[in-house]
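One line per chain: the protein sequences are R and V, in this order.
The opening position of the first sequence corresponds to residue 79 in the working numbering, with each subsequent residue numbered one higher.
The opening position of the second sequence corresponds to residue 79 in the working numbering, with each subsequent residue numbered one higher.
None of these hints come from the bench; they were simulated from the model.
Please note: incorrect hints may appear among the correct ones.
Pairs count within a copy or across copies, as identical chains cannot be separated in the list.
[Stated by the list, open to error] Calculated cross-link-like contacts (lysine-lysine; reagent style DSBU-like; alpha-carbon spacing at most 35 Å):
| hint | residue 1 | residue 2 |
| --- | --- | --- |
| 1 | 226 | 414 |
| 2 | 132 | 414 |
| 3 | 132 | 434 |
| 4 | 501 | 132 |
Protein chains: 2
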Amino acid sequence: MTNLASLFYPKSVALIGATDSPGKLGAIVLGNLIRMKGAVYPVNPKYHEIMGLKAYPSIEDVPGTVDLSIILRPAVEIPEMLRQHAGKARIALIVSAGFAEIGATELQEEVARIARELGVRLVGPNCLGIYNPFHRLDTMFLPHTCLKRPVKGNVAVVSQSGAVMVSLLDALRQARTGVSKVLNYGNAVDIDASDMFDYLAGDVKTDVAVCYLESVGDGRRFIAAARRLADSKAVILLKAGKGLSGQAAAFSHTGRLAGSYEVFRSVLRQFRITEAQDFDSLLDATKALSFQKPLPGRRVCIITNGGGAGVLASDECARHGLEVNPVPVEMAHRLKACFPSFYVVGNPIDLTGQVKTGDYRIALDAVRDAYDGFVVIILTGVPGLTLELADIIRDFHVKYGKPLVAHVAQGGIAPRLTRLLEKSKVPVYGSPERAIRGLAMLLGGDGNTRARN
Amino acid sequence: MTNLASLFYPKSVALIGATDSPGKLGAIVLGNLIRMKGAVYPVNPKYHEIMGLKAYPSIEDVPGTVDLSIILRPAVEIPEMLRQHAGKARIALIVSAGFAEIGATELQEEVARIARELGVRLVGPNCLGIYNPFHRLDTMFLPHTCLKRPVKGNVAVVSQSGAVMVSLLDALRQARTGVSKVLNYGNAVDIDASDMFDYLAGDVKTDVAVCYLESVGDGRRFIAAARRLADSKAVILLKAGKGLSGQAAAFSHTGRLAGSYEVFRSVLRQFRITEAQDFDSLLDATKALSFQKPLPGRRVCIITNGGGAGVLASDECARHGLEVNPVPVEMAHRLKACFPSFYVVGNPIDLTGQVKTGDYRIALDAVRDAYDGFVVIILTGVPGLTLELADIIRDFHVKYGKPLVAHVAQGGIAPRLTRLLEKSKVPVYGSPERAIRGLAMLLGGDGNTRARN
Numbered sequence: 079m080t081n082l083a084s085l086f087y088p089k090s091v092a093l094i095g096a097t098d099s100p101g102k103l104g105a106i107v108l109g110n111l112i113r114m115k116g117a118v119y120p121v122n123p124k125y126h127e128i129m130g131l132k133a134y135p136s137i138e139d140v141p142g143t144v145d146l147s148i149i150l151r152p153a154v155e156i157p158e159m160l161r162q163h164a165g166k167a168r169i170a171l172i173v174s175a176g177f178a179e180i181g182a183t184e185l186q187e188e189v190a191r192i193a194r195e196l197g198v199r200l201v202g203p204n205c206l207g208i209y210n211p212f213h214r215l216d217t218m219f220l221p222h223t224c225l226k227r228p229v230k231g232n233v234a235v236v237s238q239s240g241a242v243m244v245s246l247l248d249a250l251r252q253a254r255t256g257v258s259k260v261l262n263y264g265n266a267v268d269i270d271a272s273d274m275f276d277y278l279a280g281d282v283k284t285d286v287a288v289c290y291l292e293s294v295g296d297g298r299r300f301i302a303a304a305r306r307l308a309d310s311k312a313v314i315l316l317k318a319g320k321g322l323s324g325q326a327a328a329f330s331h332t333g334r335l336a337g338s339y340e341v342f343r344s345v346l347r348q349f350r351i352t353e354a355q356d357f358d359s360l361l362d363a364t365k366a367l368s369f370q371k372p373l374p375g376r377r378v379c380i381i382t383n384g385g386g387a388g389v390l391a392s393d394e395c396a397r398h399g400l401e402v403n404p405v406p407v408e409m410a411h412r413l414k415a416c417f418p419s420f421y422v423v424g425n426p427i428d429l430t431g432q433v434k435t436g437d438y439r440i441a442l443d444a445v446r447d448a449y450d451g452f453v454v455i456i457l458t459g460v461p462g463l464t465l466e467l468a469d470i471i472r473d474f475h476v477k478y479g480k481p482l483v484a485h486v487a488q489g490g491i492a493p494r495l496t497r498l499l500e501k502s503k504v505p506v507y508g509s510p511e512r513a514i515r516g517l518a519m520l521l522g523g524d525g526n527t528r529a530r531n
Numbered sequence: 079m080t081n082l083a084s085l086f087y088p089k090s091v092a093l094i095g096a097t098d099s100p101g102k103l104g105a106i107v108l109g110n111l112i113r114m115k116g117a118v119y120p121v122n123p124k125y126h127e128i129m130g131l132k133a134y135p136s137i138e139d140v141p142g143t144v145d146l147s148i149i150l151r152p153a154v155e156i157p158e159m160l161r162q163h164a165g166k167a168r169i170a171l172i173v174s175a176g177f178a179e180i181g182a183t184e185l186q187e188e189v190a191r192i193a194r195e196l197g198v199r200l201v202g203p204n205c206l207g208i209y210n211p212f213h214r215l216d217t218m219f220l221p222h223t224c225l226k227r228p229v230k231g232n233v234a235v236v237s238q239s240g241a242v243m244v245s246l247l248d249a250l251r252q253a254r255t256g257v258s259k260v261l262n263y264g265n266a267v268d269i270d271a272s273d274m275f276d277y278l279a280g281d282v283k284t285d286v287a288v289c290y291l292e293s294v295g296d297g298r299r300f301i302a303a304a305r306r307l308a309d310s311k312a313v314i315l316l317k318a319g320k321g322l323s324g325q326a327a328a329f330s331h332t333g334r335l336a337g338s339y340e341v342f343r344s345v346l347r348q349f350r351i352t353e354a355q356d357f358d359s360l361l362d363a364t365k366a367l368s369f370q371k372p373l374p375g376r377r378v379c380i381i382t383n384g385g386g387a388g389v390l391a392s393d394e395c396a397r398h399g400l401e402v403n404p405v406p407v408e409m410a411h412r413l414k415a416c417f418p419s420f421y422v423v424g425n426p427i428d429l430t431g432q433v434k435t436g437d438y439r440i441a442l443d444a445v446r447d448a449y450d451g452f453v454v455i456i457l458t459g460v461p462g463l464t465l466e467l468a469d470i471i472r473d474f475h476v477k478y479g480k481p482l483v484a485h486v487a488q489g490g491i492a493p494r495l496t497r498l499l500e501k502s503k504v505p506v507y508g509s510p511e512r513a514i515r516g517l518a519m520l521l522g523g524d525g526n527t528r529a530r531n
């Protein structure tokens, strides 16, 4: 087991390559770091002071031992920089690129060897590092003007790729999904996904772990760590580098070889770890599992105000083995008595373009006991809908606690309705099929927190 | 062959059920209709005048013969209303629901029989009807405050479902894709997709036809019409009602039985009609084919500033049989000489998080002859990118004319960059995989306008 507490909650951080030149990476990272709860030591021999903090010529001049040292210097300088870390830092995070990913494997091996000899743990090289909103720790060299950060939440992000991690952070923020711990570990000469899984298994702030992988170093260790993590958290993986060209791309990206995809896949299934097929599925699954807990059952009721959207949702249910059984006869009679004759009381229940807001309440209340999960399709192009619909759905969800997702589309009140629903932890998706994929993540669970695919 | 000119370019339209009561469907439709190029006759015995137009007690009182009559009255009244159409209208569009989709098949058959006897062509029942921005004709009962309409463009939309059509219109508008002709034909007792295909084959305004289908009436006729249309236009179909539950949903939606999906599918392949697997693929394919013409070739170059996004794109290329070959040695040498040592000159070409705007120009210019299509991945979370990138990509695309798509993500300048690129007819997608799916639509063509899947 790896304790990464000093990585995510450092009391002191040194930044080697700190500067105040606007636009330089060393200035962006320092600007983000000074918000941290703890001491920050800028290291740069050219300065006495940077951004109001005393600057140090080298890590050796920094008082005491820092929990974390962040290195932002060209690749060729790293071995020398690292040697100065003897007794000065617990963990070094090497942001710099220019190692195995461009063929400089010897340089990378030298760096790994030096760190081992000194007893310093390494993150990177070739990575963005860490974001932990609970400690206001942020090592990413991305200005807030370019990338707004997601808020505090229950999703941990573990990514070999910095780019995918950042895209995911931006998408999670837009999906109103907060994060607990974020790590991009790049070339992974030391700390990697397995270490993170070990750490996250004991992290009370994390309910869902999302992982983007291209390669796995020690396969046996990875499997053990993933299995342990999946015992207590929902785990969603996106494995890239699947085809031959993808594997070549993955190798040149972080300099590690992507293993056989098929072997990897069978392992995931075994531990009921969810495998996402692409970036969008990863995002959709994460939102669902972050907002709601999976529950047993496969019976889905589709309530819509547009027939075609209901048919697309039905089709997608069939692809996921979800049952779309007709509304039981008794219930159907009761519903038909409440509704205009042209509403279709089947499954989907089609409230048509002439829907009124309250019709959704009537439908949900009538069928609540006959189904395990609900998808509410709201097409806002029609005149009869108001924002009160968000209250109706929230109340139903809070009262009965069954998995419930929504598809909202067509403009008008759609953006505001989406915001209200997601505030109430009802995940909203941009198409009927994506809504069902989200719901599929929440159905078929065993009643614990784990999700099945 | 069916000439639907009087449907899409009517010189005169009657609206049966017109009113000026705010919020009523008859008021919404009339409000939209009066923008049309042509005469509009509101029909309602309760009014002398509506919205400044003379109102008529019945269709029989309207002067002469109208090209199009739109009927907005309860289902049970429709047979009587329709009988009054003798000699008064070429085509009647029945918006009202409450026919076969709720089991009222006899009523629907009666309506069909009356229209046949009178020689009046029918659209509907249970439909939204028509949108033709070139004639400012809009029969949809959706207020502009709820649904903004897409602008004029080259995409025709043919949909059995009103809801899917409206979702598609809203999505196309957001994707800056304009439309040429739009028809939702609902229960299709007379005019259906086959008639539309016949008409669109001769419509110079249309380059791409997008069709959402749940069922096909006369299979042989449909196949002949689709084949003829695909000879001159790109055709993309989304067939819903695939599984058993989907088929049941499709039946209760428009009261027509969805046929065997497998048979349908083999027919599509034969005529190189693109089949979309879900709503999002339909949209992504439409945008690509609306913006650019397919060309022969399978060799793709991926230019990115984030390694992981490039790996995901490579994986998706493999799934579509697209080749991601390394940059030829000579070119690679030239490129490496221009770039910092830590850029990865493979395929993907990874310009890393330290990219500068001009690097994309250098990369594109260097590799232009070695590939058939390009995907440019732009992750705007990094500090070095400016909006000038849109000019670089537009110039390259205009000069060489090869298929080119983009994935833009991560906030900052992303929305503005997306807008500029799409103005230049470079389709932009929200994930690497969706960008490749868009590019796949544009590669492997035979040099004509047709797309292969």
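Each hint, compared with the structure:
Within a single copy, residue 226 and residue 414 get their C-alpha atoms only as close as 48 Å, which misses the 35 Å cut-off; across copies the closest is 33 Å, which meets it. Within a single copy, residue 132 and residue 414 get their C-alpha atoms no closer than 75 Å, and across copies no closer than 39 Å, so neither meets the 35 Å cut-off. Taking CA atoms no more than 35 Å apart as the test, residue 132 paired with residue 434 passes between copies only; the shortest distance there is 31 Å, against 64 Å inside one copy. When the C-alpha separation of residue 501 and residue 132 is checked against a cutoff of 35 Å, the pair qualifies neither within a copy, at 43 Å, nor between copies, at 49 Å.
The structure fails hints 2, 4 (numbered hints given earlier, in ascending order).
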